[in-house]
Structure formats: C-alpha cells, structure tokens
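The residues making up each chain are set out below.
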Amino acid sequence: MSGTYLGMPAFPTAAASATRDGQLRANLTHATHTIRDKRARAVAELPDWALLREAGAAIKDRTLRHLDGYLERLEAAVTAAGGQVHWAEDAEAANRIVTDLVLATGEREVVKVKSMATQEIGLNAALERAGVRAYETDLAELIVQLGDDLPSHILVPAIHRNRTEIRDIFRERMAEWGRAAPEGLSDRPADLAEAARLHLRQKFLDAKVAVSGANFMVAETGTMVVVESEGNGRMCLTLPETLISVVGIEKVVPSWRDLEVFLQLLPRSSTAERMNPYTSMWTGTTDDDGPRAFHLVLLDNGRTDTLADTVGRQALRCIRCSACLNVCPVYERAGGHAYGSAYPGPIGAILTPQLRGVGSELDASLPYASSLCGACYEVCPVAIDIPEVLVHLRERVVEGGEVTRNGRRVRIRPARGHAAERAAMRAARWTLDHPGVLRAGQRLAGRMRGLQPRRLPGPGRAWTASRDLPPLPAEPFREWWRRTRGEQREAGR
Amino acid sequence: MSARDVVLGRVRRALADVPREETPEQVPVARSYLDSHAPADAVELLAENLADYRALVHRATAAELPGLIAGLLAAREARSVLVPVGLPESWLAAAGGVRRVPDEASATPHALDAVDSVVTGCAVAIAETGTLVLDAGPDQGRRRITLVPDHHICVVRVPEQVVESVPQGLRRLVPERPLTWISGPSATSDIELDRVEGVHGPRRLEVVLLAG
Numbered sequence: 000m001s002g003t004y005l006g007m008p009a010f011p012t013a014a015a016s017a018t019r020d021g022q023l024r025a026n027l028t029h030a031t032h033t034i035r036d037k038r039a040r041a042v043a044e045l046p047d048w049a050l051l052r053e054a055g056a057a058i059k060d061r062t063l064r065h066l067d068g069y070l071e072r073l074e075a076a077v078t079a080a081g082g083q084v085h086w087a088e089d090a091e092a093a094n095r096i097v098t099d100l101v102l103a104t105g106e107r108e109v110v111k112v113k114s115m116a117t118q119e120i121g122l123n124a125a126l127e128r129a130g131v132r133a134y135e136t137d138l139a140e141l142i143v144q145l146g147d148d149l150p151s152h153i154l155v156p157a158i159h160r161n162r163t164e165i166r167d168i169f170r171e172r173m174a175e176w177g178r179a180a181p182e183g184l185s186d187r188p189a190d191l192a193e194a195a196r197l198h199l200r201q202k203f204l205d206a207k208v209a210v211s212g213a214n215f216m217v218a219e220t221g222t223m224v225v226v227e228s229e230g231n232g233r234m235c236l237t238l239p240e241t242l243i244s245v246v247g248i249e250k251v252v253p254s255w256r257d258l259e260v261f262l263q264l265l266p267r268s269s270t271a272e273r274m275n276p277y278t279s280m281w282t283g284t285t286d287d288d289g290p291r292a293f294h295l296v297l298l299d300n301g302r303t304d305t306l307a308d309t310v311g312r313q314a315l316r317c318i319r320c321s322a323c324l325n326v327c328p329v330y331e332r333a334g335g336h337a338y339g340s341a342y343p344g345p346i347g348a349i350l351t352p353q354l355r356g357v358g359s360e361l362d363a364s365l366p367y368a369s370s371l372c373g374a375c376y377e378v379c380p381v382a383i384d385i386p387e388v389l390v391h392l393r394e395r396v397v398e399g400g401e402v403t404r405n406g407r408r409v410r411i412r413p414a415r416g417h418a419a420e421r422a423a424m425r426a427a428r429w430t431l432d433h434p435g436v437l438r439a440g441q442r443l444a445g446r447m448r449g450l451q452p453r454r455l456p457g458p459g460r461a462w463t464a465s466r467d468l469p470p471l472p473a474e475p476f477r478e479w480w481r482r483t484r485g486e487q488r489e490a491g492r
Numbered sequence: 000m001s002a003r004d005v006v007l008g009r010v011r012r013a014l015a016d017v018p019r020e021e022t023p024e025q026v027p028v029a030r031s032y033l034d035s036h037a038p039a040d041a042v043e044l045l046a047e048n049l050a051d052y053r054a055l056v057h058r059a060t061a062a063e064l065p066g067l068i069a070g071l072l073a074a075r076e077a078r079s080v081l082v083p084v085g086l087p088e089s090w091l092a093a094a095g096g097v098r099r100v101p102d103e104a105s106a107t108p109h110a111l112d113a114v115d116s117v118v119t120g121c122a123v124a125i126a127e128t129g130t131l132v133l134d135a136g137p138d139q140g141r142r143r144i145t146l147v148p149d150h151h152i153c154v155v156r157v158p159e160q161v162v163e164s165v166p167q168g169l170r171r172l173v174p175e176r177p178l179t180w181i182s183g184p185s186a187t188s189d190i191e192l193d194r195v196e197g198v199h200g201p202r203r204l205e206v207v208l209l210a211g
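Heads up: the protein sequence lines correspond to chains A and B, in order.
According to numbering that gives the first Met the number 0, the residues represented by the first sequence are 0 to 492, in order.
According to numbering that gives the first Met the number 0, the residues represented by the second sequence are 0 to 211, in order.
Just so you know, not all the hints are guaranteed correct.
Now the in silico label distances, taken between C-beta atoms and shown as ranges [as the list claims (entries may be wrong)]:
hint	chain 1	residue 1	chain 2	residue 2	range
1	B	Pro87	A	Pro181	34 to 44 Å
2	A	Gln201	B	Glu20	53 to 63 Å
3	A	Ala49	B	Gly66	41 to 51 Å
4	A	Ala174	B	Ala62	52 to 62 Å
5	A	Pro46	B	Arg171	34 to 44 Å
6	B	Glu63	A	Pro46	32 to 42 Å
7	B	Ser1	A	Arg19	44 to 54 Å
8	A	Cys372	B	Met0	26 to 36 Å
9	A	Pro181	B	Asp51	45 to 55 Å
10	A	Gly400	B	Arg171	48 to 58 Å
Derived from the structure by calculation, the hints contain no laboratory data.
Keep in mind the model is a prediction, meaning the values are calculated, not measured.
No residue lacks a Cβ here, since even glycine has one placed at the ideal position from N, Cα and C.
One chain only, chain A, in its complex shape (with noise of 0.2 Å):
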C-alpha cells in the first residue's frame, strides 16, 4: 500500500484476498466486538436515544435543504470573527489552497489532526510534491503513516494492527521520522503510546502551521468543533501560528443550540463514552490564544452532487461515529482497505459511489458490499437508512440513469457486468416458478456433487468470485422434508 486509493481492486477481488487474512479477521473480530456491546451500554444509559437520534437526523435534513444559506451564513459569521473562507469545488482546488497557505507561512512542515476530509482528498501526498512533509498526530494516523500503509477504520484508523505489529512498525519507521522508538520497546498499549507521546511532542512544540478538519461548524456562531481523546488536536488546533481547517460542507449545523443534540450522539456512538476526552471549540482568532491566523476551506468534491439525489441526500447527514462499521458482518470480515475509500464499511459503500460515481469498477461495486442486513441503519446515530441507499445506488448501477456529476447532469449506462446478474435473475424467477424443472435438476446435482467446483464458470462467476460456491447437499431439502416429516405425519396418524 503507498498512501493512495487509485487503482485499486473492485471490492468483490479486495474482499477475497481479506477475507483469507487471518490475523486481519482476528484483530477486527476483537476490535469491532469491543466496541460494539460497549457503545450498546454507553447509548442504554440515555433513555431519550430514539428521540435525539430523531432530532439528530431532522437537523441535518434541515441543514441540508437549506445549505446555501447556512453555508453563506457561516462564511460570515467566522470572516467577522477574524477568519478567512475559502471554497473548494474539488479535491484539487482543496490541495492548492492548502499548499498556497502553507508556502506562504514560509514553513516546509505541517502537523495535522486525523480528519477524513484530507484523507479523502489525499492532502498529504499533494503538500508532498510541493516540498512540504506532513506529520500526522493521531497514534492511529500515526501508526498508518509510518507502517506506509492505508486506514481501515473511520475511528481508529489502525485497527486491522495488532499489539505486535505496531511495535515492529515504531521500533522499524519511527527514526526515519524523527525521534527514534525508546530501546526494548515493548508491545503493552501503554508503552507504545508513551513511544508516540515522546516522538511527536518535538514536532508539536516546533510546528507553526497545523491542518485539521471539523466535527461540527455552528453557521448562527461561527464556532468550530473537533471531538478527540489523546490532546493532539488540541495540541495542533492552540500552539502553531497559523491554522487551516479543510471542511466538508455537510458538516455546518444551523444553531449553537444544536450541538446539545450531537454532542450526545457522537461520543457514545463513536467511542462507546459519556463524552470524549476534548473537544476543542473556537471562534475565528481569539487575541493572545491560540493561532493567529485561522483559515477554512469549505470542500464540496462531491457532495453537491449527492445532495441533487433526493434518496442518496441521506448520506450527508453522517457524523463519521463509525458505530456502521463495528456492527456489519461484511466490514467485520472484509476489513476496511477493501473499500478503496478513505471511508470503508456501510457508510462508504454509499458514500463514496455518490461522492466519486459509479464510473469506475471499483465504486460500481461498492453498492453490493452489503448483506442489507439492516443492522447499520438500527446503530446510526442519525438514522441513515443505509439500505435504502445501497437498494437505490444498486439500481443505479444496473439501470443507469440521470445523475449530476460535477453539478451537470449526465446520464450514465448499466455497468457491464452487471448484464449477467440480470440474466441470472430471469433464470431463477423461470426454475422456481417451475417446481418440477427445481425438482430434476437438485435430484441431479446431488449425485453429481463430488464434481462441484468452488468457483462457477460462465455467468456465473461473477457471483461466486466473491464467496466460495456452497457445497451441495447430498439430498435436496425438499426431498428431506417429504422423507422426515411425511413419516412422522404418517406415523402420528
């Protein structure tokens, strides 16, 4: 992996090649059922769950029908407060405003707050070709960057690293970086965080220019909000000079006011706690506190175009808690670089097939990476009906049709290989509509099925290239039941 999502596998040849991983499955088992039964006691603590999550979800529909002035309104409100706005329609447009503000502080090295914004836009390889070195903060961003490797997580970007792997990494990397990993490190959480603490505190005490993204962005206020637990983004967001914040549009919420409903969904969502250890609020500069120039740039790269699908729209309502993710038996075993996206499991197989389109092979098939077992939309905070969206997108890709790409309307075409899963289909609706054709043909299969392959030629392939073709029975179920069951009729009168 070198740090880039380009060209990556279709998720259907990602997934195979993971799912075959056992360390990897072993460590996301562990992780994802941590998380998940202590974020289930963490939200039973609150009896009104239901009704914030409502709340929740009807703020950000309301944010998100009325964008444009929430928007203009929070470019004025932290203009006044001694802030500067810039807008980026792309992810290229977001890179050069950074790189400009960074070159011109004068200064060839950034800290950075873990913020999937930049991920998405891959800010650290563009601030790279311009000859500045950016430093990431988060112990997990931390752990990617040094291992050369890519997140696979929206919260803890390291999960699929286990203890071991993550000594090897610091004792391996850490001194082509800076201050090298303490002699006979171990690998106790403990001592591996004491190694991070003591390698990037130089780079916090020295660095005059930080970037991060945003949880929050209250349009009536202009004020600020990252949510954090270790202090490097407190670090990053109070001691540099200069600041600059790569935001995403969706994430403006109208009033002061409704943070009181978010900052209860995120923390207990998220991290399974009452609250966070940080969160940082700021209002444009405040003299003699904290960093003297504050810009912002507001990212679209694709989000316009997911708000002009009335289904799809739901998507940018998300707050990135990741509770999708820890509670889906696909991410569980497919693990996150599957997703060739800065962000995996349910919320990136319908996030990023509308923030980059369907044109590629890899996004096409990003709608199918899902049971549609519903359980990512009965843990979201803000109740995205994830389902839904991938049902929808799943047609898209298969039907084709009229979507805004880059804010023009275009009309795409059915995904190609997708003209056999059609074919298929018929197929099916013609045999079980027909019990004797079934009949024949399981009787037949049963006797042959010492010569069943595990992958299907023709058709379909492309349906077993994704999951080992299960072996046949040596009786068909109907057969058993008449044989059992009949008996037992038989034998009760």
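Could you slot chain B onto chain A? The hints should help.
Below, chain B without anything else, positioned relative to chain A:
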C-alpha cells in the same frame, strides 16, 4: 466565476426539489429529548463520572483548599506551576517551594513544556458526562497551559458551577470564547481498543470540588 459561486450554485441546483418558499423553520425538528437525565445529586454524579474516567477527585472547603493544592503539587514533586492571571491568590498560598510561572502570551511552547503542573478554575462542569469546560476566563488562562504540562489541577466551585447535562452546559457557555471540554485525562483506544490514559495532554487530571 469564483469557486464560491460555483459551489453555492451547485447547492441551489441540487436542491431543486425544495420549494422556493420553504423556510428552514418549516423543516420540523422535534426537541422532545430530555433536557437532563435528572440525576439525584449532580455533584455526586459529577464526582462519580470524573473518577470513572480516571480523573482523581478531591473535596475541600475554602479553608482547606490551599493545603490540599500544596499537598497535590508536593505529591507530584512539582517544582514549577503555571498560574492564570486571575487565579485567586489564596489557592496557592501554601505552596511555598513551588516556582510560579505566569501565563503569558510570549511564553514559547518549549517553555511551557518545562513546567510541571498547572492550577486553574473552570467555567462549567457537566455531571452526566463527567466533563469540565474551560472558557479561557481569568482563572483558567490560555488554552495551551492546561495542555502542555503533564499535571492539571482544576478547581470546581460546587454546587454553583455544576450543571446536570450537556444542554444545560451549552446554555451557560459563550460560543465566541475559546472553549475546551475535558472529560478525564488524555486517553487513546487506538491499539486494539485498549484504553490507555495519557498520550499528549496531561496524564494526571486532579479535580477539586470546592464547597463553601
């Protein structure tokens, strides 16, 4: 056309389904959730939740406070302490051998890193979540002084600075001030989701509940 016009234009076209005459208020937001989860005793709940997140909780009267703070600094072998400009004089009255470092804009991050402890007041404490909120008031100082030193002692006046819930807390705060919400000491769960206290912020958070 500026990038601003491009993005706002796209937003407006994307919202073609929204009736022009619709106002934001016409998109209903039911705020039927609870204003508080009604703890029996907010101060007790605050103490419990602070401790649950590994903050060390102490109680003192005004008369006991100087001795307590001096003892906490001594226990950590603190030789220097950061002092916000508006911190009551009496709070550090008994901390004789500890060098006082005033909170100044000119202090470099490296200078702050050389200080052992910091003592502050707070703006609001939220019982249900075990959260202290600092608003950079005179007895709290700049945001960075409660971040760089490894030991933070925060004094909460009870019951007047304690609220029950997040909604009540937000109503007491002024958005234009820089705000720092602190729930337990710095922590991470990034390694196998095992919680480890203390990564970058103070590894030791001590809270004094000051009554009377």
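Quick one: are proline 87/B and proline 181/A within 34 to 44 Å, going by C-beta?
-> Since proline 87/B and proline 181/A have Cβ atoms about 41 Å apart, the given range 34 to 44 Å holds.
Can you let me know if the beta-carbon spacing of glycine 400/A and arginine 171/B is within 48 to 58 Å?
-> holds, 51 Å
Using the beta carbons of alanine 174/A and alanine 62/B, state whether their distance is inside 52 to 62 Å or not.
-> Between alanine 174/A and alanine 62/B, where Cβ atoms are some 54 Å apart, the hint holds.
Cβ separation of alanine 49/A and glycine 66/B, checked against the hinted range 41 to 51 Å | Given a distance of about 49 Å, which is inside 41 to 51 Å, the answer is holds.
Using the C-beta atoms of proline 181/A and aspartate 51/B, is the stated range 45 to 55 Å upheld?
-> violated, 31 Å
Quick one: are glutamate 63/B and proline 46/A within 32 to 42 Å, going by C-beta?
-> This hint holds: roughly 38 Å between Cβ atoms.
With 53 to 63 Å as the target window, see if glutamine 201/A and glutamate 20/B comply at their CB atoms.
-> holds, 58 Å
Proline 46/A and arginine 171/B, beta-carbon distance inside 34 to 44 Å?
-> Check failed, 24 Å falls outside 34 to 44 Å.
Confirm or reject the claim that serine 1/B and arginine 19/A have a C-beta distance inside 44 to 54 Å.
-> The hinted range 44 to 54 Å holds for serine 1/B and arginine 19/A, with Cβ atoms some 50 Å apart.
C-beta pair cysteine 372/A, methionine 0/B: status relative to the range 26 to 36 Å that was hinted | Given range 26 to 36 Å: violated, Cβ gap about 45 Å.
The structure fails hints 5, 8 and 9 (numbered hints given earlier, in ascending order).
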